[in-house]
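Chains as they are written, first to last, in this note's numbering: chain A, 4 to 651; chain B, 82 to 328; chain C, 132 to 362.
Calculated directly from the structure, the hints in this document are not laboratory data.
Owing to the predicted nature of the structure, the values given are computational and were not obtained by experimental measurement.
Please note that the accuracy of each hint is not assured.
Unchecked claim - Within a straight-line C-alpha distance of at most 30 Å, the following computed BS3-like cross-link-like pairs (lysine-lysine) qualify:
1. 383(A) - 371(A)
2. 95(B) - 516(A)
3. 277(A) - 383(A)
4. 554(A) - 130(B)
Unchecked claim - Between beta-carbon pairs, the in silico distance windows are:
5. 243(C) - 379(A): 49 to 57 Å
6. 9(A) - 308(B): 49 to 57 Å
7. 487(A) - 92(B): 33 to 41 Å
8. 138(C) - 87(B): 39 to 47 Å
As the list claims (entries may be wrong) - Footprint (simulated), chain B over chain A, 3 or more residues, beta carbon under 8 Å:
9. 59 to 73
10. 159 to 167
11. 271 to 283
Built from N, CA and C at the ideal position, the CB exists for glycine as well.
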Amino acid sequence: MAFKLDAKIPAGELAQKWSNHKAAIKVVSPANKRKLDIIVIGTGLGGGAAAASLGELGYNVKVFCIQDSPRRAHSIAAQGGINAAKNYQNDNDSVYRLFYDTIKGGDYRAREANVYRLAEVSNLIIDQCVAQGVPFAREYGGLLANRSFGGAQVSRTFYARGQTGQQLLLGAYAALNKEIAAGTVKSYPRHEMLDLVIENGEARGIIARNLVTGEIERYGAHAVVLASGGYGNVFFLSTNAMGSNGSAAFQCYRKGAGFANPCFTQIHPTCIPKHGTQQSKLTLMSESLRNDGRIWVPKKLEDVKALRAGTLKPSEIAEEDRDYYLERRYPAFGNLVPRDVASRAAKERCDAGFGVNETGLAVFLDFKTAIARLGKDIIKQRYGNLFDMYEEITDVSPYEEPMQIFPAVHYTMGGIWVDYNLMTTIPGLYAIGEANFSDHGANRLGASALMQGLADGYFVLPYTIGDYLSHKIQAPKVDTNTPAFEEAEKAVRAKIAKLMSIQGKQSVDDIHKRLGNIMWENVGMARSKESLTKAIAEIKALRAEFWKDVKVVGDPMSFNVELEKALRLADFLELGELMARDALNREESCGGHFRVEHQTEEGEADRDDEHFAYAAVWEYKGMDAEPEMTKEPLNFEFVHLAKRNYKD
Amino acid sequence: MNFTLKIWRQKDAKSKGGFETYKVSDISEDTSFLEMLDILNNDLIHAGKEPVAFDHDCREGICGMCSLHIDGKAHGPGQGATTCQIYMRKFKDGATITIEPWRSAAFPVIKDLVVNRGAYDQILQAGGFISVRTNSVPDANAIPIPKADADEAMDAAACIGCGACAATCKNGSAMLFVAARVSSLAKLPQGRVEGARRAKAMVAKMDELGFGNCTNTGACQAECPKSISIAHIARLNREFLSAKFED
Amino acid sequence: MSCFLCNSSVGKKLVMSVSGCFLVLFILFHMSMNLTAIISPAGYNTICEFLGANWYALAGTAVLAAGVLVHILYALVLTLNNYRARGSQRYAVTVQEPGVAWSSKNMLVLGFVVLAGLAIHLIHFWSKMQLVELLGGHVNALGFGPADGAALIAHTFSKWYNVLIYLVWLAALWFHLTHGVWSMFQTVGWANDTWYPRLKCLANVVATLVFLGFAAVVVVYFAKNCCCTCC
Numbered sequence: 004m005a006f007k008l009d010a011k012i013p014a015g016e017l018a019q020k021w022s023n024h025k026a027a028i029k030v031v032s033p034a035n036k037r038k039l040d041i042i043v044i045g046t047g048l049g050g051g052a053a054a055a056s057l058g059e060l061g062y063n064v065k066v067f068c069i070q071d072s073p074r075r076a077h078s079i080a081a082q083g084g085i086n087a088a089k090n091y092q093n094d095n096d097s098v099y100r101l102f103y104d105t106i107k108g109g110d111y112r113a114r115e116a117n118v119y120r121l122a123e124v125s126n127l128i129i130d131q132c133v134a135q136g137v138p139f140a141r142e143y144g145g146l147l148a149n150r151s152f153g154g155a156q157v158s159r160t161f162y163a164r165g166q167t168g169q170q171l172l173l174g175a176y177a178a179l180n181k182e183i184a185a186g187t188v189k190s191y192p193r194h195e196m197l198d199l200v201i202e203n204g205e206a207r208g209i210i211a212r213n214l215v216t217g218e219i220e221r222y223g224a225h226a227v228v229l230a231s232g233g234y235g236n237v238f239f240l241s242t243n244a245m246g247s248n249g250s251a252a253f254q255c256y257r258k259g260a261g262f263a264n265p266c267f268t269q270i271h272p273t274c275i276p277k278h279g280t281q282q283s284k285l286t287l288m289s290e291s292l293r294n295d296g297r298i299w300v301p302k303k304l305e306d307v308k309a310l311r312a313g314t315l316k317p318s319e320i321a322e323e324d325r326d327y328y329l330e331r332r333y334p335a336f337g338n339l340v341p342r343d344v345a346s347r348a349a350k351e352r353c354d355a356g357f358g359v360n361e362t363g364l365a366v367f368l369d370f371k372t373a374i375a376r377l378g379k380d381i382i383k384q385r386y387g388n389l390f391d392m393y394e395e396i397t398d399v400s401p402y403e404e405p406m407q408i409f410p411a412v413h414y415t416m417g418g419i420w421v422d423y424n425l426m427t428t429i430p431g432l433y434a435i436g437e438a439n440f441s442d443h444g445a446n447r448l449g450a451s452a453l454m455q456g457l458a459d460g461y462f463v464l465p466y467t468i469g470d471y472l473s474h475k476i477q478a479p480k481v482d483t484n485t486p487a488f489e490e491a492e493k494a495v496r497a498k499i500a501k502l503m504s505i506q507g508k509q510s511v512d513d514i515h516k517r518l519g520n521i522m523w524e525n526v527g528m529a530r531s532k533e534s535l536t537k538a539i540a541e542i543k544a545l546r547a548e549f550w551k552d553v554k555v556v557g558d559p560m561s562f563n564v565e566l567e568k569a570l571r572l573a574d575f576l577e578l579g580e581l582m583a584r585d586a587l588n589r590e591e592s593c594g595g596h597f598r599v600e601h602q603t604e605e606g607e608a609d610r611d612d613e614h615f616a617y618a619a620v621w622e623y624k625g626m627d628a629e630p631e632m633t634k635e636p637l638n639f640e641f642v643h644l645a646k647r648n649y650k651d
Numbered sequence: 082m083n084f085t086l087k088i089w090r091q092k093d094a095k096s097k098g099g100f101e102t103y104k105v106s107d108i109s110e111d112t113s114f115l116e117m118l119d120i121l122n123n124d125l126i127h128a129g130k131e132p133v134a135f136d137h138d139c140r141e142g143i144c145g146m147c148s149l150h151i152d153g154k155a156h157g158p159g160q161g162a163t164t165c166q167i168y169m170r171k172f173k174d175g176a177t178i179t180i181e182p183w184r185s186a187a188f189p190v191i192k193d194l195v196v197n198r199g200a201y202d203q204i205l206q207a208g209g210f211i212s213v214r215t216n217s218v219p220d221a222n223a224i225p226i227p228k229a230d231a232d233e234a235m236d237a238a239a240c241i242g243c244g245a246c247a248a249t250c251k252n253g254s255a256m257l258f259v260a261a262r263v264s265s266l267a268k269l270p271q272g273r274v275e276g277a278r279r280a281k282a283m284v285a286k287m288d289e290l291g292f293g294n295c296t297n298t299g300a301c302q303a304e305c306p307k308s309i310s311i312a313h314i315a316r317l318n319r320e321f322l323s324a325k326f327e328d
Numbered sequence: 132m133s134c135f136l137c138n139s140s141v142g143k144k145l146v147m148s149v150s151g152c153f154l155v156l157f158i159l160f161h162m163s164m165n166l167t168a169i170i171s172p173a174g175y176n177t178i179c180e181f182l183g184a185n186w187y188a189l190a191g192t193a194v195l196a197a198g199v200l201v202h203i204l205y206a207l208v209l210t211l212n213n214y215r216a217r218g219s220q221r222y223a224v225t226v227q228e229p230g231v232a233w234s235s236k237n238m239l240v241l242g243f244v245v246l247a248g249l250a251i252h253l254i255h256f257w258s259k260m261q262l263v264e265l266l267g268g269h270v271n272a273l274g275f276g277p278a279d280g281a282a283l284i285a286h287t288f289s290k291w292y293n294v295l296i297y298l299v300w301l302a303a304l305w306f307h308l309t310h311g312v313w314s315m316f317q318t319v320g321w322a323n324d325t326w327y328p329r330l331k332c333l334a335n336v337v338a339t340l341v342f343l344g345f346a347a348v349v350v351v352y353f354a355k356n357c358c359c360t361c362c
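Next comes chain A alone, as it looks inside the complex (with noise of 0.2 Å):
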């Protein structure tokens, strides 16, 4: 059975939409709050903000994540800042200037409603986190300071030092905390959601597993929100923590939520290259550092061989023998075009052989200029944090010499699909931030996940949320001893059985690194049907090796951190495959989605509005069965669908 999806977008102007829906949609009542219980699953800048705004207004929340404190969750590692239209730069931004921006960075394969939305509160979102205490850099003259990020003109994006993620989930864990101390909020750290309770069709609690005891858990609420972030681990290296995972948002899809769009993988261009096979995560440079950065590789290829030789020193190299090649292709946009293109643009030079280091897969992030411009101490002021990691991690100064960089697994726009309330095929559960696929189409710009978390967590689905909630004003506290939530114990239980049982050979991570070499070799930054195909049937294999070879030791009724991990990659095992079956389907290149038979004659995305303008939404139909997949067919009334142009 195919999903009927109803993107419930509200009819009228664009720019009204929003304000209409919030008037149109039905409010609880502060005593009928009080008898309505939410589940969020993770506490980043989306799960921290809804359950802070949710335990406000006066709903009794419980929150779960997987780490100690909820202050850890991934979005703190954001680097370099959030968007907001507020134009206090006075370069001419606006609510639409920032939807337009969004929607156009995005290849034009996300929802023109919700991305009006998403900048319609930007500006809200920034007034919050200075109430809350977020410390943003500042000017002189005391008011905030902004600097500017790829794929925009103007100079929009706030910080506070290289440190803003950190800062703006601190905020919402403050506002967490408020809630906590005023009991509104019960908080569940270290606790892992293994699966997701339906009955009657509705969400109704979730089964989960404390993992400092081991014990199999049982929680029911009205409604539950999923906000457990992206699933770039696929990749077994990415620039997500080592902790991140899909299998929260995998148990809904099993469960029948419908996932969209899972081949959009977000490719970051600077991050530091990888440097050897024992390497367990990559690190990201921050965006930012564009800023002032200039990105090149070698003319000669003589050059590049004296680099990967060790006889030249970047810094050697003349300025005229030196290929600045975004500069060079996009003159309009230069070292700040969108992550994709950067991405792309890197790996392009490197296939060609410029690549700067032994690997050939490294380009450079050069301050020279800046630092001659602007002089060291503003560039150490801008940057320093960055330099003295980039430093520590490589033992090269990039005051002395450039930066390599190479692109990385970041950020995954696809996710579960929701609707224009946040709430996904499944009734009762909602899915906001970077687990939902709805804002960033097939590239997010930088700066903008921060934005989506806490536009999602503070603005939009506390009020969406009600609008269901009133249904349930009359249902008692959930029952967590009915036959549903006995069932998925029991096949959690069940689940965990099998994989202590197995002892084969191999552990999670032998097998996690196949994964992760299949993915970026078949489904990363170039996909063409051939790879696709030999990926689909290799995932398979890699599957049922696992499910016959992993060796998980130690007692599940404990501690166990290798036991997290083969849950987590049993569900990567399965998600992966999608992703490459989405890619395959896609015909067409778009943003981080690029298939090598779809590209123009200069080597950029060849996107397909004719017959891709769509959501491709996957129903789940059995591990080793075909998904399903249906359309939602993206409607562009107020934007022109144009090809991306950032060469002038």
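Fit chains B and C to the given chain A structure using the hints.
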């Protein structure tokens, strides 16, 4: 590079722990400390033994999840860095490295090198926030804040809540952690409103949870991966005492 | 308000800071008084007489004793708290953190040395001076008048081992003060990154002044005695 590792192993909170010795070999100097532990763990798993449990997540030095007392130092050798940002080139080839969990009465061991830092959450729940409601706030630029104040607030707000301060302090004092939050909010006009209440509530909670008293050794500041200054402790003292004298 | 001085960690530290400050001021006063003994033994004895069993001197002594007692009592309570806070399981390996003064981590030990020195000092001097007067005596065990401080000093520091004991005591006091003096500003909150170097400098100056001031009397009297014996 090759190393001998002396690692604290403890089954759970109730069991008695002890040191066990392991060897790791062929470690590249570009390997991070935690990757080195990953390698050890993978070897242990292949040998059918339980891997060493340790907390970690972002591996970028910002989430505050990683801990470890390495060769007598919180977050290992080097200053201004978390354990996840330590690379093996910092150690001598062939060295014996002793790895212990945070030791503090308020941070009980959960397993091996993993401790429970929930006490820090509880301190912040006591008052480490500004009581504003979602969506009922003035424009962000309504109140100008001197750059110096905003910068100082940011210096304090850089705290990642890793617990190194209390773990390092010979008194098991959480003053640097508490001070970072109190001071950061005290420097902002938005935070001033509840300043007195906040300082009193957070110090009271800190005391209640069994953290020790600050004796101004400055060890916390030396080991803080974000190099937060004890000047914030002075500000906390000032905030607390003036609040108390106003009572 | 009274309770936070007993209950809260910062309150208890305030008591340490204020009582410590009071003791530092007393020590500075005592040191200046002692220096008189070098210049004029007779002058010194006048002060001794002034500080005999008079009501104001006794009141001062009582307050001083209370200060010492409070400082010690709070130190013990705080240290006990701190010991508990550290947990039952200690680190197997510890190192000295960079920039952390040795004295700051050993204030209690230093305090005990100072206390022991104080006990000896009280036996040497106070028990033979103010106490004798208080008990109505006119001559002490050594046969000096209770206000003849100069003679008592000369007698005490004629013995090399007393000189040594006092110098060790003063050295411990030096260490204690180098941390204690700047620390009392920190505890009441009058410190910041700009002032740390200044406060630490002040602490070193005060500690050194105290050491030199007291040691001068000890050494001068010892030297005088040596000379006299030799001559």
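Hint check:
Note on residue 383(A) and residue 371(A): the hinted pairing holds, with a Cα-Cα distance of about 13 Å set against a maximum of 30 Å. At most 30 Å may separate the alpha-carbon atoms for a hinted pair to count; residue 95(B) and residue 516(A) exceed this at roughly 35 Å. With a C-alpha separation of about 25 Å, the suggested pairing of residue 277(A) with residue 383(A) holds against the 30 Å cut-off. Straight-line distance between C-alpha atoms of residue 554(A) and residue 130(B) comes to about 11 Å, which keeps the hinted pair within the 30 Å bound.
Look at residue 243(C) against residue 379(A): about 51 Å separates their beta carbons, and that is inside 49 to 57 Å. The beta-carbon spacing between residue 9(A) and residue 308(B), approximately 53 Å, falls within the hinted interval of 49 to 57 Å. For the pair residue 487(A) and residue 92(B), the beta carbons lie near 36 Å from each other, so the given range of 33 to 41 Å is met. At roughly 41 Å, the beta carbons of residue 138(C) and residue 87(B) sit within the given window of 39 to 47 Å.
Given as covered by chain B, the region 59 to 73 of chain A passes the check, having 5 residues with a CB less than 8 Å from a CB of that chain where 3 are the minimum. Chain B is given as covering the region 159 to 167 of chain A, and this holds because 3 residues of the stretch bring a CB closer than 8 Å to a CB of that chain, at least three being needed. Only when three residues or more bring their CB closer than 8 Å to a CB of chain B does the claim for the region 271 to 283 of chain A stand; here the count is 5, and the claim holds.
The structure fails to meet hint 2 from the earlier list, while all remaining hints are met.
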